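Enquirer: Place chain B on chain A using the hints.
Protein chains: 2
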Amino acid sequence: MERKYAIGVDYGTESGRVLLVDVATGEEIATHVTPYKHGVLDEALPNGSRLETDWALQHPRDYLDVIYRSVPEVISMAGTNPKDIIGIGIDFTSSTILPLDQNGNPLCFHPKWEDSPHSWVKLWKHHAAQEEADDITRVAQERNEAFLSRYGSKISSEWMFPKILQILREAPEIFEEADLFIEACDWVTYRLTNNLIRSSNTCGYKAFWNKEHGYPEASFFKAVDPRIENILNTKMRGTVRSIGEKAGELTEEVAHRLGLLPGIAVAVGIIDAHAGVPAVGAVRPGQLVMAMGTSTCHMLISDKEEAIEGVCGIVEDGIIPGYYSYETGQVAVGDSFAWYIEQAVPSYVKQQAEEAKLSEHQFLEEKASTYKPGQSGLIALDWWNGNRSVLVDANLSGLIVGLSLATKPEEIYRAILESTAFGTRKIIESFTEAGVVVNEIFACGGLPQRNKLLMQMYADITNREIKIADSKQTTALGAAMYAVVAAGKKNGGYDTIFEAAENMARVKEETFIPIPEHVQIYDELYKHYLELHDYFGRDKYHIMHSLKRLRSLNPKAVIAK
Amino acid sequence: MERKYAIGVDYGTESGRVLLVDVATGEEIATHVTPYKHGVLDEALPNGSRLETDWALQHPRDYLDVIYRSVPEVISMAGTNPKDIIGIGIDFTSSTILPLDQNGNPLCFHPKWEDSPHSWVKLWKHHAAQEEADDITRVAQERNEAFLSRYGSKISSEWMFPKILQILREAPEIFEEADLFIEACDWVTYRLTNNLIRSSNTCGYKAFWNKEHGYPEASFFKAVDPRIENILNTKMRGTVRSIGEKAGELTEEVAHRLGLLPGIAVAVGIIDAHAGVPAVGAVRPGQLVMAMGTSTCHMLISDKEEAIEGVCGIVEDGIIPGYYSYETGQVAVGDSFAWYIEQAVPSYVKQQAEEAKLSEHQFLEEKASTYKPGQSGLIALDWWNGNRSVLVDANLSGLIVGLSLATKPEEIYRAILESTAFGTRKIIESFTEAGVVVNEIFACGGLPQRNKLLMQMYADITNREIKIADSKQTTALGAAMYAVVAAGKKNGGYDTIFEAAENMARVKEETFIPIPEHVQIYDELYKHYLELHDYFGRDKYHIMHSLKRLRSLNPKAVIAK
Chain A
1 MERKYAIGVD
11 YGTESGRVLL
21 VDVATGEEIA
31 THVTPYKHGV
41 LDEALPNGSR
51 LETDWALQHP
61 RDYLDVIYRS
71 VPEVISMAGT
81 NPKDIIGIGI
91 DFTSSTILPL
101 DQNGNPLCFH
111 PKWEDSPHSW
121 VKLWKHHAAQ
131 EEADDITRVA
141 QERNEAFLSR
151 YGSKISSEWM
161 FPKILQILRE
171 APEIFEEADL
181 FIEACDWVTY
191 RLTNNLIRSS
201 NTCGYKAFWN
211 KEHGYPEASF
221 FKAVDPRIEN
231 ILNTKMRGTV
241 RSIGEKAGEL
251 TEEVAHRLGL
261 LPGIAVAVGI
271 IDAHAGVPAV
281 GAVRPGQLVM
291 AMGTSTCHML
301 ISDKEEAIEG
311 VCGIVEDGII
321 PGYYSYETGQ
331 VAVGDSFAWY
341 IEQAVPSYVK
351 QQAEEAKLSE
361 HQFLEEKAST
371 YKPGQSGLIA
381 LDWWNGNRSV
391 LVDANLSGLI
401 VGLSLATKPE
411 EIYRAILEST
421 AFGTRKIIES
431 FTEAGVVVNE
441 IFACGGLPQR
451 NKLLMQMYAD
461 ITNREIKIAD
471 SKQTTALGAA
481 MYAVVAAGKK
491 NGGYDTIFEA
501 AENMARVKEE
511 TFIPIPEHVQ
521 IYDELYKHYL
531 ELHDYFGRDK
541 YHIMHSLKRL
551 RSLNPKAVIA
561 K
Chain B
1 MERKYAIGVD
11 YGTESGRVLL
21 VDVATGEEIA
31 THVTPYKHGV
41 LDEALPNGSR
51 LETDWALQHP
61 RDYLDVIYRS
71 VPEVISMAGT
81 NPKDIIGIGI
91 DFTSSTILPL
101 DQNGNPLCFH
111 PKWEDSPHSW
121 VKLWKHHAAQ
131 EEADDITRVA
141 QERNEAFLSR
151 YGSKISSEWM
161 FPKILQILRE
171 APEIFEEADL
181 FIEACDWVTY
191 RLTNNLIRSS
201 NTCGYKAFWN
211 KEHGYPEASF
221 FKAVDPRIEN
231 ILNTKMRGTV
241 RSIGEKAGEL
251 TEEVAHRLGL
261 LPGIAVAVGI
271 IDAHAGVPAV
281 GAVRPGQLVM
291 AMGTSTCHML
301 ISDKEEAIEG
311 VCGIVEDGII
321 PGYYSYETGQ
331 VAVGDSFAWY
341 IEQAVPSYVK
351 QQAEEAKLSE
361 HQFLEEKAST
371 YKPGQSGLIA
381 LDWWNGNRSV
391 LVDANLSGLI
401 VGLSLATKPE
411 EIYRAILEST
421 AFGTRKIIES
431 FTEAGVVVNE
441 IFACGGLPQR
451 NKLLMQMYAD
461 ITNREIKIAD
471 SKQTTALGAA
481 MYAVVAAGKK
491 NGGYDTIFEA
501 AENMARVKEE
511 TFIPIPEHVQ
521 IYDELYKHYL
531 ELHDYFGRDK
541 YHIMHSLKRL
551 RSLNPKAVIA
561 K
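Sequence order for the protein chains is A and B. My numbering numbers the first residue of the first sequence as 1 and each following residue consecutively. My numbering numbers the first residue of the second sequence as 1 and each following residue consecutively.
Derived from the structure by calculation, the hints contain no laboratory data. There could be a bad hint or two in this list.
A pair counts as met if it fits within one copy or between any two copies, since identical chains are not told apart.
What the hints assert, rightly or not - Below, a list of computed lysine-lysine pairs in the DSS-like style, where the Cα atoms sit at most 27 Å apart:
no., residue 1, residue 2
1, Lys4, Lys472
2, Lys154, Lys452
3, Lys408, Lys350
4, Lys83, Lys235
5, Lys408, Lys37
6, Lys154, Lys490
7, Lys372, Lys350
8, Lys4, Lys83
9, Lys235, Lys490
10, Lys4, Lys489
Quantities reported herein were computed from a predicted structural model and do not represent experimental measurements.
Looking at chain A on its own, in the form it has when it is part of the complex (with noise of 0.2 Å):
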């Protein structure tokens, strides 16, 4: 039997990645990224005219960049035959939008409006319109929208109609010449099948669009704005298609630029950190995948809806079809290490580092696993991005707690990890205290392939196993699993995710188990995480002083600087 190959595009924050993989096996075959020439514009349009603060875009011809440069790539590195393979699938960054003219190319392209920032793709991490995100919110309250539970009761700064209405404020004749606002997700596989479909996974998680009400009515539309009363059927129109179908055929065109057959399946796209999901087999109810890397996103399998405090999105058919899909999330995890290295580590410890041949995350893990939990006498609060779960507040900020003249950069750097440990214990305990079972953890991502320390503190302060994936670009595998059940078993692929999973799906035979010694004092620290979390620190006294107290059990071992 002739070996079968699909290919899953992943498109992140910084680049995009394209995976040929095995359709019997999951095996990864080949893989290659393309890196955004404009990267994240969050200070200037590519013009150098400045940006507001909490702006965050992109150039959309970046992520044709991606599959133009690394799908040839691929091929001509398997050296595959393209008639091998059956499909491709894109996983994206989101909400990521861009307004569309009538030929369904950027408005951004049009040198007309290349100096306008609200023609550009606001890249999901664009927090510049809360205020529209909070009058949403309020109207939905105010007229009792049923959807609201679904989506935490709050409405993110980082959605699609937040955005669409900032640009409607603000650059009302962007707004009046856009023929179509759609995620960048949907754009591409538009591109690629000439069909304009819209992802059951984007609009049910980003665009209040839900299985079996569809969109909120028009009067909701209308009371938020009245300019967009009839949204649905001009500037939204597409048709929603489930997550796991196949969004189109490939185009004539692209097919031939792209080096693959015309005619193989497309999948409906889906959100990156979905697309984690079934790479790691979590398709039955009670399991949660963490997607790790400059973000967190917590995905839950269900059998049950029931409403959470700061669940941005409950799915039904939102990743796995037959169940529901909790989506939440940390919105700065990876980023927060990150920035704490680049702004905070000093020389002493990039020297040390460099003369131990380390990395200064590598350095800094080493130095701070001889800490006991509660050593450092710091807790943090994991909100250097604001926060995404549970509050669901973009305007909330990061803070350190416990600081002294004796407080070591190690120290701060364990306070950091952990904080993001107790934030998904957090959200973890907010669907256990609701009844949504949750009783296996899988992490994917970056983070967990590289820093032992953290999930380790992830095991210890959740007192749960933590399973690992046993991929590095996991999310691009469940891209290509999506094109294979796309393809379908008539063309060499599968006819449900669940038989995909069975057999792409993978995971690391090493777990991270709970220490108890360790899970004891971080419930006692977590007490305190959730007092600052909650109150914010209304009880500084005490906090203060059980930290001393637990710094004070375990004399720190004394570090030559």
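Expert: Showing chain B alone in chain A's frame:
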């Protein structure tokens, strides 16, 4: 008329400074510094034995080295005839105490005791006697001791009796062996004069002594611990003599060793920061002096006695005879700036500073100066070494709120600087709310000389003009002024500290004036400081929103990395 001179000896935390001044004008003729060979022993004894967290000891031989080395040095530098030197005065960190043997020698000089940490000098910032301080506070509260209200109703772990009680509890054999416990300040005048005299200043501020009532009764000490019932007559014996008087005359032996004439006046010693008060001419009610260095000591002269929360001492004749003086302070000021530079300034900033040929402090000050108040989005609590004012709690710790992925080092530096100014405003308000007038502010010490941004912040945040001492060694100058008064007019000095201040004190012509638009923003930030101070963030939601809003009022200049 021939010129007369006096010597002031300033014992700081890391070194001792000797200053020779002109009696007629206060002109500083020569100065010499001797660093303490053993520095601060906070990790290990000289023999390498580890110390516990929060310990801070010193080697008393280092104190003697200062006078033996630096006094002859200044006389030789200035080419002064020893017969024209009319007196010597000492100022010292406090409460810095040590146990002595029956010959007045430190116990730690004996090989038998040198391995016992409790035989060494306990430096002011030794913070391991917190439990003892708490116990003393509790007993004083239970007994309604009148003295408690003069110390802000709370005893600091830095003071004399908590430190002695720690010795009694943890090393009863050292307590037993000690013939005397004494302030290092008083020990040095004892060595110079052979008179066992205790200063009204150190006893008043650090040992519960009061001009009208003396020490607390024996029954109080008994209630603390029966073993110290009679301590006042035994290990704490020694006449308390008022500041401004003569402790005795220089002995033949020491005079010979120092190159001075025997019999010259040795002033009653004073706490280092307090010596700065007359040196800037603050000798009348309403005048507040901030001695700003590693820590800041606030001293206010007043004609009335009011109980004020967190004032660590109200002492009649404590600094200026005829008036009450109030002392309070911030325990880590320059120390926390130094911590930041050492432990959290990234290497790229260090490199830029080197390229600009500036110290990291100077470079960060320059960058931070380009920001407006509120622009960093950060606010900090200045408790890197606990809180000595208002809250009097060594177990408190530092806090930074408002951290984000965009936070730059100069912003954190700025926030730490500002936090100390907010702390000072809180102190000033505690006075004025209690009806104790503050109408003129002076700053002395190392920081005001170097850091203009910092002093402008103090003016803006307190909304008051700040006057700066025109001397880099204000405390040594003050110590010399007391020596001049101890010598008296008949020996070429002055009869009162008022006359000495009139002739010898100096303030710079340039002062720092509040900038109205800064005052306004800082008023708003100060409200948050108070919320954090009192509730440590009970209203977290609003604080962070407001910080964010203030930040976005002034879009930050992009600084290339």
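Enquirer: Checking Lys372 and Lys350: alpha-carbon separation at most 27 Å within a copy, between copies, both or neither?
Expert: Classified as within; 23 Å inside a copy, 31 Å across copies.
Enquirer: When Cα atoms must be at most 27 Å apart, do Lys154 and Lys452 count as within-copy, between-copy, both, or neither?
Expert: For Lys154 and Lys452, the Cα distance exceeds 27 Å both inside one copy (34 Å) and across copies (46 Å).
Enquirer: Given identical chains, is Lys154 near Lys490, meaning Cα to Cα at most 27 Å, within a copy, between copies, both, or neither?
Expert: neither (44 Å within a copy, 82 Å between copies)
Enquirer: Checking an output row: Lys4 and Lys489, CA cutoff 27 Å. Within, between, both or neither?
Expert: within (11 Å within a copy, 106 Å between copies)
Enquirer: My question is about Lys408 and Lys37: at a cut-off of 27 Å on alpha-carbon distance, are they close within one copy, between copies, both, or neither?
Expert: This pair counts as between: shortest inter-copy Cα distance 25 Å, intra-copy 37 Å.
Enquirer: What label fits Lys408 with Lys350 when the C-alpha limit is 27 Å: within, between, both, or neither?
Expert: both (13 Å within a copy, 18 Å between copies)
Enquirer: At most 27 Å between alpha carbons: which applies to Lys235 and Lys490, within, between, both or neither?
Expert: Classified as neither: same-chain Cα gap 36 Å, cross-chain 97 Å, threshold 27 Å.
Enquirer: Could you figure out if Lys4 and Lys472 sit no more than 27 Å apart (CA to CA) within one copy, between two copies, both or neither?
Expert: within (21 Å within a copy, 81 Å between copies)
Enquirer: Using 27 Å as the alpha-carbon threshold, which applies to Lys83 and Lys235: within, between, both, or neither?
Expert: So Lys83 and Lys235 fail the 27 Å test inside a copy (37 Å) and across (97 Å) alike.
Enquirer: At most 27 Å between CA atoms: does that hold for Lys4 and Lys83 within a copy, between copies, both, or neither?
Expert: within (9 Å within a copy, 104 Å between copies)
The structure fails to meet hints 2, 4, 6 and 9 from the earlier list, while all remaining hints are met.
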